[in-house]
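Protein sequence lines correspond, in order, to chains Y and H.
Sequential numbering from 1470 applies to the first sequence in the numbering used here.
Sequential numbering from 1470 applies to the second sequence in the numbering used here.
Quick caveat, the hints were computed from the structure, so don't treat them as lab data.
Hints are supplied without guarantee of correctness; some may be wrong.
In this list, chains with the same sequence are indistinguishable; a pair is considered to hold if it fits within one copy or across any two.
Calculated cross-link-like contacts (lysine-lysine; reagent style DSS-like; alpha-carbon spacing at most 25 Å) [as the list claims (entries may be wrong)]: (1) Lys1584 with Lys1573; (2) Lys1584 with Lys1511; (3) Lys1579 with Lys1511; (4) Lys1511 with Lys1573; (5) Lys1584 with Lys1523; (6) Lys1579 with Lys1523; (7) Lys1537 with Lys1573; (8) Lys1511 with Lys1523.
Number of protein chains: 2
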Amino acid sequence: MIRNDTDYALRMVVYLAGRNPPGAATAELSAGLGVPHGFAQKILRRLAAAGILKVRLGRGGGFSLNRKPDRVSLREVIVAIQGPPRLNRCMAGPGACALQTSCKISASLKPIQRKLDAFLSGTSLSDILGRARPRRKAP
Amino acid sequence: MIRNDTDYALRMVVYLAGRNPPGAATAELSAGLGVPHGFAQKILRRLAAAGILKVRLGRGGGFSLNRKPDRVSLREVIVAIQGPPRLNRCMAGPGACALQTSCKISASLKPIQRKLDAFLSGTSLSDILGRARPRRKAP
DNA sequence: GTCGTCCTACTCGGATAAGGCTTGTCCGAGTCTAATCGG
DNA sequence: CCGATTAGACTCGGACAAGCCTTATCCGAGTAGGACGAC
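All chains, full assembly: derive it from the sequences and hints.
In structure tokens form, the structure reads like this:
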């Protein structure tokens, strides 16, 4: 499940993707999106460290996207904050579960885990803003 | 994400589905599947309260499936222990998120949430045991 | 043989607790812009 | 008019703390099966 801080991150990143002119200080992001100021700062710094955001220091500074919105995937943002999203502990790779050889549950879960990964990797900020569609057809 | 206790629940339920003759005491389930005894008891009771397991009290008693393995879905087991699995808080329904009207993230997440639900609801214990395939084709 | 009693194995339901993780807060230090001031 | 200084706005990085949720543990009470003994 997507954590609260990750949700904040998504909100802020999407906001930045839609903003013109690009770039905003923590105060603007925090106030407009309901994220506590100090916490927003912490999250934004992590996003910057991951290379998703670009920092401009000093007066008039703030954060902006480091790439075009269609080059930033949902998954990337999630990974930067809470690590790879997994349905199950066992999905963390070999050795994550002692019963791995005998347990058939993780094997059954793998296909949907792969779909989830594909979806999150395949959906960009542009997709969310509605400037382009996700790969799925509209009803 | 599937929690540890839910994982235990799945293991035990799948074990019971595969066991012949049906039914086992907590001690057997606990020892064979690496679940702490007292904790296993607690989890099994919740599964029984949810109608997934059947209880037989007293000496020689224990737990057994209340239905045929192909009539018990993964989702049901998960819901019994940790509630409905959600990608996001916002998926909890109307009112879960204050920004719901303006936020496009949850809207984008909904399709994959639906797929996840469909998968978990559509996969039964039999599917996991390999006695029948999930609806997806084998590679 | 039959009935009743007791022992033992097992679950029920809830109280209780440790620990970790999430969710924040806060602060001194560093960085940059712009305004101000002196020449 | 030009350059240097200063004030202010903003981020950096990390320490620190509250609270909740997960992950258990434990125990008295209830229930059932089987053995054993009395009749």
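Do the hints match the structure? See the list:
Proximity of lysine 1584 and lysine 1573 under a CA criterion of 25 Å is satisfied in both settings, with 19 Å inside one chain copy and 21 Å between copies. For a Cα distance limit of 25 Å, the shortest separation of lysine 1584 from lysine 1511 qualifies neither inside one copy, at 31 Å, nor across copies, at 33 Å. Taking identical chains as interchangeable, the C-alpha atoms of lysine 1579 and lysine 1511 are never at most 25 Å apart, the minima being 33 Å within one chain and 28 Å between chains. Taking CA atoms no more than 25 Å apart as the test, lysine 1511 paired with lysine 1573 passes between copies only; the shortest distance there is 23 Å, against 40 Å inside one copy.
For the homomeric pair lysine 1584 and lysine 1523, neither the shortest alpha-carbon distance inside one copy (30 Å) nor that between copies (35 Å) is at most 25 Å. In this homomeric assembly, lysine 1579 and lysine 1523 never come within 25 Å of each other (Cα to Cα): the closest approach is 35 Å inside a single copy and 30 Å across copies. Taking the shortest Cα distances, lysine 1537 and lysine 1573 sit within 25 Å of each other only across copies (18 Å), while inside one copy they are farther apart (41 Å). Taking the shortest Cα distances, lysine 1511 and lysine 1523 sit within 25 Å of each other inside one copy (14 Å), while across copies they are farther apart (49 Å).
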